[in-house]
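**Q** Let the sequences and hints guide you as you build the complete structure.
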Amino acid sequence: MDVRLQISMVFHLDKCIGCHTCSIACKNVWTDRKGAEYMWWNNVETKPGTGYPTAWEDQEKYKGGWEQKNGQPELKMGGRVLRVLNVFHNPNMPTMDDYYEPWTYRYEDLFNAPEGADQPTARPISMVTGRPIDIEAGPNWDDDLGGSPVYAANDPNLDALTPEQRQEVFDLERLVFFYLPRICNHCLNAACVAACPSGAIYKRGEDGIVLINQERCRGWRMCVTACPYKKTFYNWSTGKSEKCILCFPRLETGQAPACFHSCVGRIRYLGALLYDADLMLEAMSVADDKLVEAQREMILDPFDPRVCEEALKNGIDDRTIEAARRSPVYRYVKQWKLALPLHPEFRTLPMLFYVPPLLPVMAKTDDGLYDTANQELFSPIEKARLPMEYLARLFSGGNIEHVRLALKKQYAVRLFKRLETVGDLDPAQVHRALEQVDSNEEEAEQIYRLTSLPTMDERYVIPPMHREEAMQMLNDDLWEEKGEAGIGFHERATRGA
Amino acid sequence: MISNFSSPSVSAGFSIALTCLGAAMLLLAATLPASAQSQAAADMFEKRCYSCHNIGGGDKKGPDLKGVTGRQRTAWLHEFIKSPAALNRKGDPAAADLFKKFAPEVMSDQDMTDEEITTLLTFIEDLSKKNEQFIPAGAKLSRPIAAGDSEAGLRLFTGKTALSGGGASCMACHNISGAGLLGGGTLGPDLTAANVKYRDPELISILQNPNFPTMNSVFATHPLNDEEIVQLFALFQNAKLANPAVPAPTAGPSIEPRFLLIGFAATVMAIACLNLLWRKRLRGVRLLIVRRRRQ
Chain A
37 MDVRLQISMV FHLDKCIGCH TCSIACKNVW TDRKGAEYMW WNNVETKPGT
87 GYPTAWEDQE KYKGGWEQKN GQPELKMGGR VLRVLNVFHN PNMPTMDDYY
137 EPWTYRYEDL FNAPEGADQP TARPISMVTG RPIDIEAGPN WDDDLGGSPV
187 YAANDPNLDA LTPEQRQEVF DLERLVFFYL PRICNHCLNA ACVAACPSGA
237 IYKRGEDGIV LINQERCRGW RMCVTACPYK KTFYNWSTGK SEKCILCFPR
287 LETGQAPACF HSCVGRIRYL GALLYDADLM LEAMSVADDK LVEAQREMIL
337 DPFDPRVCEE ALKNGIDDRT IEAARRSPVY RYVKQWKLAL PLHPEFRTLP
387 MLFYVPPLLP VMAKTDDGLY DTANQELFSP IEKARLPMEY LARLFSGGNI
437 EHVRLALKKQ YAVRLFKRLE TVGDLDPAQV HRALEQVDSN EEEAEQIYRL
487 TSLPTMDERY VIPPMHREEA MQMLNDDLWE EKGEAGIGFH ERATRGA
Chain B
116 MISNFSSPSV SAGFSIALTC LGAAMLLLAA TLPASAQSQA AADMFEKRCY
166 SCHNIGGGDK KGPDLKGVTG RQRTAWLHEF IKSPAALNRK GDPAAADLFK
216 KFAPEVMSDQ DMTDEEITTL LTFIEDLSKK NEQFIPAGAK LSRPIAAGDS
266 EAGLRLFTGK TALSGGGASC MACHNISGAG LLGGGTLGPD LTAANVKYRD
316 PELISILQNP NFPTMNSVFA THPLNDEEIV QLFALFQNAK LANPAVPAPT
366 AGPSIEPRFL LIGFAATVMA IACLNLLWRK RLRGVRLLIV RRRRQ
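Each protein sequence line maps, in turn, to chains A and B. Residue numbers for the first sequence follow our numbering, beginning at 37 and rising by one. Residue numbers for the second sequence follow our numbering, beginning at 116 and rising by one.
Keep in mind that the hints were calculated from the coordinates and are not lab data. The C-beta atom is built at its ideal place from N, Cα and C for all residues, glycine as well. Among the hints, erroneous ones may be present.
To be verified - Only some residues are given here: those of chain A computed to face chain B with a beta carbon under 8 Å:
1. T90
2. K97
3. A173
4. N190
Said to hold, decoys possible - Result set (SDA-like, lysine to any residue): computed pairs, CA atoms no more than 20 Å apart in a straight line:
5. A/K99 / B/L296
6. A/K419 / A/L197
7. A/K97 / B/L403
8. A/K97 / B/L375
To be verified - Counterexamples of contact, computed for chain B against chain A with all Cβ distances above 10 Å:
9. E266
10. N310
11. N331
12. V333
13. E343
**A** As C-alpha cells, then:
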C-alpha cells in the first residue's frame, strides 16, 4: 500500500445555474494577460454541446488521453517514436478557431468619432493581431442553446444514443440542457505529464496538483494534445504552456481556489482524498465500464487505522489525515457514490467528480394536454428528457448503473425530505425508495445537509499545507536561506530578469 | 610586382659582370656557374610565379613582370614580394593601385629569402633586357594526346578515377561543361574555356604546379602525374571544342540558374511530402462542423 494525498473536487451539477462567475473569477486572477486572453482555465459548457475547444471530447480527432495497447496503457497521440517524429509539428492540435480568436472592442471610437448622422459603434478588435475581426465564435458560443443544430447536434456524446433517441433529443418537447463547469482535473495519471518532452510538467507530491514549470517548458505543446480535457493552453506571447494551478497560492494560505470561492450556486466542494498508488496501473487497465469502480477502489478509507499508519509512513501529517476524514469529496465519491468522474474512459484517472444533474422530466401529450404524472416510483429518473445513456457516456464510461444509482439516490433524498416537510407521501413508499438505492434515513439526511445547507468550512476542507516543512524538504540548512528571500522559495532574490 | 631586368633568355647563359649588380649578386655568381643559376631562377619562376605572372606576353591574374625592375625600387619589390598585403595595409600607393587593378586577386605572402628574391629579380631583368618572353621549360606534355584521353580526363575531373597523388578531384571546386547533372563546384572558376584564357604552356604549367593560394595548399603535397596531366589537358581542349560559344570565364563564380531551379523544385517536393505525411492533421474542427451544417 502506497498511500498518497490528492486535493480533490466535486461539482454538484444539480445546483449549477450556469452563471459563469467561476470563469470570470479565474480570468481576473490568472489569465488576464497578453497571450492568455483566449485561455479559460475554468469554463462552463452547455450540454449537449460541443464545448470549448470545439468537440474536445472527440479523441478520434484530438488524440488525447490514454488507450490500452497490448495490455499496457499508451498515449493515444502515439508512442515515443511517433512523438519524437512529430516534435516539430504536432498534427493533432486544436486551431485558434477551435478555441476562438480573443477580441475586445475599440471603445475609444465611441468618444472620438466625428459628429455624423449615425451613432458611432465600437468595432470588435482581435487581441492577437489588433485588427478588426468578424466574431464567429467564442468560448461559450452555444451557451444555453440546448437544441442548436450546429453545436448541440455535434456533441460527441450523442454517439452513445440510438438514431431514434438522438432524433428525440431534438424534438421541441424534449429540448433540454444542463451546465458542465470544467477545470483541470489534476489527474492521477495525467497524460500531459507523460507527454511533456521537457519534463516541465509535474504532479506535486504533497497535494497532487499538476503544474507546468515555466522555466523548463519549451513550448513543444505535446501536453495540449495529450490532455483529453484540453485544459493545458499554449501562451502565444511567452511561448510556454499554462494550465489551471488550482490556485495553489490560495490553498497554501487556507483559502479555496478563486472559482470555488466565487461559486454562486455553491456547487463546488474541495477536500483531501487518500489513495493507494499501487493500484493505479490496475485501475486504469480495466474495461471502460469498470473504470468508475476501479477508481473508487483506489480511494482509501481515512478512518481505517491501517491506512492512517501507512499514510504516516509516507509523510502525510496527522492533521492532513484529519482533514481527509472531514473531506466532502470522500463522502460524495466513496461513501454515497453520488459523484462520478468526467469521461473516465480517457483513463487519466481524473480527480474532479461530478454529481449528475436531475433533468426535467419528459412530458407526454394526450389530447393537447401536458401530462407529467408519475406512474412509478422513479419515473422522473427513467423518463428524464436526456437519455441516461448520454450521462453514462459523460460520467461513467458507458456504465448506466452508476448514473442511475446517483440519480435515483438524489431523487430518493428529495422524496425523503418531501415526506418530512410536506408530508403528502406514503412513508412506506419513501422507505422503499431509500432501500432501493441502498440508503437509509440517516444517510439521506446527511446528503441533504451537505447538498443544501453546507457552510463554507464544510464545502472546502483544506488540509494544512505545511509549507515550512516543504521548505525543509528542499534544503537541510534553513539558516543558509535566512534573510535571503523569506521562507518562500528556494531561489534567491536577484536583480534582472 | 617584381623586378628589374630587360632582356631575357632562358637557355643561353649570361654574364653577371655585364649587369653590374651588388655584392650579394657577385657572391652568388661566384658560387654558381651562370647558366646553372639562370636555370634555377627559371625553375623558381615557373614554380612560384608563372601561374599568375608573365614576363612578356601580357597580364594574367597578376601583372606582366617585364621591366618591373625599372618600374619599382628593389627595396620596394623585396618588401612587396614578402607580404603584399602588409605593404598595402601600410598605405603604400603603388601597392594599393595594384590591389585595385587586380581585385579580387590578392597575391599571397611568399616565403622567400632575400637571396632568392634577388636571383629572381635578376632573372626577370635579364629577360626583360633581351626583350624575350618567358617560356616555361618544363611545360611540355610527356606524350602526344591520343584518342580516349579526353574521356579519361573527364573521369579524373569528376573523381570517378581517383588521382594518383591523392589530391581532391577537380570537380570538388571547378565546373566544366559535361561534368554531370549539377555541374561541379563553384569555389574555383569554370574550366570549360580554360584553354582560351591560358596558352597551352601556361595550362600545362598550371597542371604541373597549380600555384594559386587555394590550389597550392591542396596539390603541393599531392601532385598530378604526367599521365593525368595529359588526360586533363586533353579534356580542356575538348571542352572548348564542344562549346565554341563559351566566352572566356570571368573572375569569380556565378550563380547557376540551374541550382535555383533545382532548389525550387526540391522545396516544392519537400512541402508536398510533408503535406502528404501530415495530411490527417487537424485543420479546424469548428470550421468543419459549421461548413457541414451550411451545406
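**Q** Taking the hints in turn, state whether each one holds.
**A** Results for each hint:
1. Annotation: A/T90 was flagged as interfacial toward chain B, and the flag holds, the nearest CB pair being 4 Å apart, inside 8 Å.
2. Interface restraint check for A/K97: the shortest CB-CB distance to chain B comes to about 6 Å, inside 8 Å, so the restraint holds.
3. Hint status for A/A173 relative to chain B: holds, with the closest Cβ pair at about 6 Å, below 8 Å.
4. Checking A/N190 against chain B by beta carbon gives a least distance of about 5 Å; that is within 8 Å, so the hint holds.
5. At most 20 Å may separate the alpha-carbon atoms for a hinted pair to count; A/K99 and B/L296 exceed this at roughly 46 Å.
6. The suggested pairing of A/K419 with A/L197 holds, with an alpha-carbon distance near 15 Å, which does not exceed 20 Å.
7. Between the alpha carbons of A/K97 and B/L403 the distance comes to roughly 12 Å, so the proposed pair stays at or under 20 Å and holds.
8. At roughly 40 Å between alpha-carbon atoms, A/K97 and B/L375 are farther apart than 20 Å, so this suggested pair is violated.
9. Against the 10 Å criterion, B/E266 stays outside the reach of chain A, whose nearest CB is about 46 Å from its own CB.
10. Chain A leaves B/N310 outside its interface by the beta-carbon criterion, the shortest separation being 51 Å against a cut-off of 10 Å.
11. Residue-level check passed: B/N331 sits 44 Å from the nearest beta carbon of chain A, beyond 10 Å.
12. Residue placement check: B/V333 keeps its beta carbon more than 10 Å from all beta carbons of chain A (closest about 39 Å).
13. Against chain A, the non-interface label of B/E343 holds: every CB pair exceeds 10 Å, the least being about 48 Å.
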